[in-house]
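*Asks:* If you're matching them up, the sequences are chains A and B in order. 1 is the number of the first residue of the first sequence in my numbering; add one for each residue after it. 1 is the number of the first residue of the second sequence in my numbering; add one for each residue after it.
No wet-lab data here; the hints were simulated from the structure. Hints may contain errors.
Unchecked claim - Taking lysine-lysine pairs in the BS3-like style, the calculated list, with each CA pair at most 30 Å apart, reads: (1) B:Lys-143 <-> A:Lys-143; (2) B:Lys-143 <-> A:Lys-145; (3) B:Lys-300 <-> B:Lys-116; (4) A:Lys-143 <-> B:Lys-300.
Protein chains: 2
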Amino acid sequence: MAVVNRQVLLKRRPTGAPTIGDFEVVDAPMPAPTEGEILCRTIYLSLDPYMRGRMNEGRSYATPAQVGKPMVGGTVGEVVESRHPGFARGDFVLGYDGWQAYAVSQGVGARKLDPKQAPISTALGVLGMPGMTAYVGLLDIGKPKEGETVVVSAAAGAVGSAVGQIAKIKGCRVVGVVGSREKCEHVVKELGFDACVNHKAEDLVQALEKACPRGIDIYFENVGGGVLAAVLRLINPNARIPLCGLISEYNATTPPPGPNLRPLLVNRALIKGFIVFDHADRLGEFLRDCTGWVREGRLKYREDIVEGLENAPSAFLGLFQGRNFGKLLVRVGDDPTRSIASR
Amino acid sequence: MAVVNRQVLLKRRPTGAPTIGDFEVVDAPMPAPTEGEILCRTIYLSLDPYMRGRMNEGRSYATPAQVGKPMVGGTVGEVVESRHPGFARGDFVLGYDGWQAYAVSQGVGARKLDPKQAPISTALGVLGMPGMTAYVGLLDIGKPKEGETVVVSAAAGAVGSAVGQIAKIKGCRVVGVVGSREKCEHVVKELGFDACVNHKAEDLVQALEKACPRGIDIYFENVGGGVLAAVLRLINPNARIPLCGLISEYNATTPPPGPNLRPLLVNRALIKGFIVFDHADRLGEFLRDCTGWVREGRLKYREDIVEGLENAPSAFLGLFQGRNFGKLLVRVGDDPTRSIASR
Numbered sequence: 001m002a003v004v005n006r007q008v009l010l011k012r013r014p015t016g017a018p019t020i021g022d023f024e025v026v027d028a029p030m031p032a033p034t035e036g037e038i039l040c041r042t043i044y045l046s047l048d049p050y051m052r053g054r055m056n057e058g059r060s061y062a063t064p065a066q067v068g069k070p071m072v073g074g075t076v077g078e079v080v081e082s083r084h085p086g087f088a089r090g091d092f093v094l095g096y097d098g099w100q101a102y103a104v105s106q107g108v109g110a111r112k113l114d115p116k117q118a119p120i121s122t123a124l125g126v127l128g129m130p131g132m133t134a135y136v137g138l139l140d141i142g143k144p145k146e147g148e149t150v151v152v153s154a155a156a157g158a159v160g161s162a163v164g165q166i167a168k169i170k171g172c173r174v175v176g177v178v179g180s181r182e183k184c185e186h187v188v189k190e191l192g193f194d195a196c197v198n199h200k201a202e203d204l205v206q207a208l209e210k211a212c213p214r215g216i217d218i219y220f221e222n223v224g225g226g227v228l229a230a231v232l233r234l235i236n237p238n239a240r241i242p243l244c245g246l247i248s249e250y251n252a253t254t255p256p257p258g259p260n261l262r263p264l265l266v267n268r269a270l271i272k273g274f275i276v277f278d279h280a281d282r283l284g285e286f287l288r289d290c291t292g293w294v295r296e297g298r299l300k301y302r303e304d305i306v307e308g309l310e311n312a313p314s315a316f317l318g319l320f321q322g323r324n325f326g327k328l329l330v331r332v333g334d335d336p337t338r339s340i341a342s343r
Numbered sequence: 001m002a003v004v005n006r007q008v009l010l011k012r013r014p015t016g017a018p019t020i021g022d023f024e025v026v027d028a029p030m031p032a033p034t035e036g037e038i039l040c041r042t043i044y045l046s047l048d049p050y051m052r053g054r055m056n057e058g059r060s061y062a063t064p065a066q067v068g069k070p071m072v073g074g075t076v077g078e079v080v081e082s083r084h085p086g087f088a089r090g091d092f093v094l095g096y097d098g099w100q101a102y103a104v105s106q107g108v109g110a111r112k113l114d115p116k117q118a119p120i121s122t123a124l125g126v127l128g129m130p131g132m133t134a135y136v137g138l139l140d141i142g143k144p145k146e147g148e149t150v151v152v153s154a155a156a157g158a159v160g161s162a163v164g165q166i167a168k169i170k171g172c173r174v175v176g177v178v179g180s181r182e183k184c185e186h187v188v189k190e191l192g193f194d195a196c197v198n199h200k201a202e203d204l205v206q207a208l209e210k211a212c213p214r215g216i217d218i219y220f221e222n223v224g225g226g227v228l229a230a231v232l233r234l235i236n237p238n239a240r241i242p243l244c245g246l247i248s249e250y251n252a253t254t255p256p257p258g259p260n261l262r263p264l265l266v267n268r269a270l271i272k273g274f275i276v277f278d279h280a281d282r283l284g285e286f287l288r289d290c291t292g293w294v295r296e297g298r299l300k301y302r303e304d305i306v307e308g309l310e311n312a313p314s315a316f317l318g319l320f321q322g323r324n325f326g327k328l329l330v331r332v333g334d335d336p337t338r339s340i341a342s343r
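Sequences are here, hints too, so could you generate the full structure?
*Replies:* Printed below as a string of structure tokens:
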């Protein structure tokens with residue numbers, strides 16, 4: 001076993017766009033579990049847009065990351081030592097161990113994973129927080145009805161790709177908004193969206209108008225900026241807009257103005273911010289439905305896996321440039337379930 | 001009886017702020033009811049911000065007013081001739097006869113008023129569309145809970161004054177936003193609001209912060225512009241924002257930008273546009289509750305009555321400058337119920 005614990009620390013809080021210099025890669029001493037604790041070896045680290053908020057001091061829905069401590073984040077790991085009755089050496093667990101190779105925890109909130117059910121990495125993506133975000137945001141706030149038109153931004157991302165496919169399962173017309181031709185092709189050809197708009201290449205209002213001949217009933221908002229303004233010009237009466245993320249604005253030092261809200265008034269429409277953690281009561285249904293859909297091939301996912309914890313900072317910065325394609329993960333350590341499968 | 005029918009026509013569709021020249025006062029021939037129709041003499045005409053939208057050609061939630069025809073609007077009148085089995089001469093009715101002294105209609109949607117129950121003018125205000133807008137917007141979208149803080153803009157207006165008082169009845173802390181010192185005093189001293197902010201005299205964020213020491217749970221939006229942006233900085237988790245009107249923006253030729261929506265995301269908050277006509281199923285409960293509260297003196301109202309139909313255009317323009325104080329009405333003809341009462 002390793003004798004040091006590689007970590008990526010938050011070195012300083014960024015102003016505006018984060019840079020590589022805001023992080024520091026260090027080798028810390030190996031932690032040791034005491035009674036009631038487990039030691040986990042990180043296999044996968046999830047990189048998610050919400051982490052930009054954790055780098056700030058300001059008020060948000062969760063405690064900020066601490067300067068000089070490892071960045072926070074969801075992880076899939078393997079228990080290498082257990083002094084906790086609920087976990088055994090060799091267990092795979094979904095946890096929140098942060099940007100580090102090893103972590104000691106009391107296992108609070110950790111969930112054991114069965115590699116036979118689904119690849120363990122999916123617990124950070126389509127069968128994890130991003131997938132559940134898509135599921136509750138679309139179903140509980142968007143409330144899609146058969147035949148309605150659903151638009152989703154960041155449609156090739158971890159959340160957006162699940163939103164669109166679940167909307168298809170529910171019988172909707174689904175239109176993605178993405179930032180490249182390759183992503184457009186992917187969501188239409190691989191994921192089965194009805195249409196896709198490349199906001200970097202097309203006039204957004206015109207392209208959406210063409211892709212949504214019956215207007216827009218649901219817009220699942222991941223990005224902020226111009227897409228929402230364009231969508232609002234095309235919403236139908238009683239439209240619903242689950243507000244999941246505003247990634248284009250997370251690095252802004254002064255918040256940009258938003259769209260004019262008159263279309264909400266005229267159309268009796270709804271914008272509702274939500275955070276997946278508030279919907280923990282839906283975990284069972286989410287796992288049942290989405291695990292089933294993944295197995296049936298109706299809910300596909302793509303992972304963008306970066307090798308090595310030391311590459312986490314640059315991969316994270318790429319999230320804000322749309323560089324990732326599918327769920328962004330860092331492989332921090334060897335995945336024994338994958339080696340076994342490929343042997 | 002009069003031999004001509006004075007009318008105010010929409011002469012042309014305004015661009016930006018309407019002017020007196022967009023209206024034309026004419027004396028048309030008296031209409032005569034045929035079988036199944038009634039002829040009503042208008043006593044009160046309601047002037048409401050939504051009428052600005054009816055002057056436009058564009059898509060909205062209702063058919064636009066027609067150029068060369070009387071402006072549309074709610075009215076309280078007296079049946080002077082009836083060839084309809086449901087109405088008798090002398091009946092007082094709430095109708096939608098528009099900006100004219102007399103109108104023939106089939107009585108569709110007209111509601112008979114009992115002057116003994118409440119002054120007939122209230123059917124256009126606190127016990128009419130504006131009161132019901134306050135009632136359903138606050139209760140059904142805002143869902144106030146005892147002890148919560150409710151902020152309402154245009155708080156001295158027909159809708160805002162009812163919102164604040166109903167919120168007080170529901171046990172909330174209520175803070176108004178208005179545009180003059182006199183209105184501030186009125187809503188606090190006469191209507192019982194806990195505090196009031198004059199957005200023309202005070203720094204809005206600072207003043208709201210002081211008036212809302214426990215943050216803002218509900219913001220009833222009537223005006224648009226800077227108030228919503230200031231409120232969003234102070235909303236609590238799970239805040240609700242019924243979006244009723246955006247009067248400050250109705251004359252804009254290009255829609256101004258809106259507020260940055262990040263506070264909605266972080267606070268899982270909701271903005272929901274609504275239109276009172278969608279909530280017709282609540283009419284009975286609204287009338288029961290609000291008639292009771294008016295009688296008990298818990299729901300006060302103030303009427304700003306302009307004399308003479310020919311003065312309707314200038315009074316209407318004043319709405320957009322905040323010139324009215326309470327429910328703006330035009331007395332088009334003699335109110336016999338009032339004469340009786342004052343004799």
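*Asks:* All hints, please: hold or fail.
*Replies:* Results of checking the hints against the structure:
1. With a CA separation close to 20 Å, the supplied pair Lys-143 of chain B and Lys-143 of chain A stays within the 30 Å bound.
2. A hinted pair counts as satisfied when its Cα atoms are at most 30 Å apart, and Lys-143 of chain B with Lys-145 of chain A qualifies at roughly 25 Å.
3. Note on Lys-300 of chain B and Lys-116 of chain B: the hinted pairing holds, with a Cα-Cα distance of about 18 Å set against a maximum of 30 Å.
4. Of the supplied pair hints, the one linking Lys-143 of chain A and Lys-300 of chain B is violated, its CA atoms being roughly 39 Å apart against a limit of 30 Å.
The structure fails hint 4 only (numbered hints given earlier).
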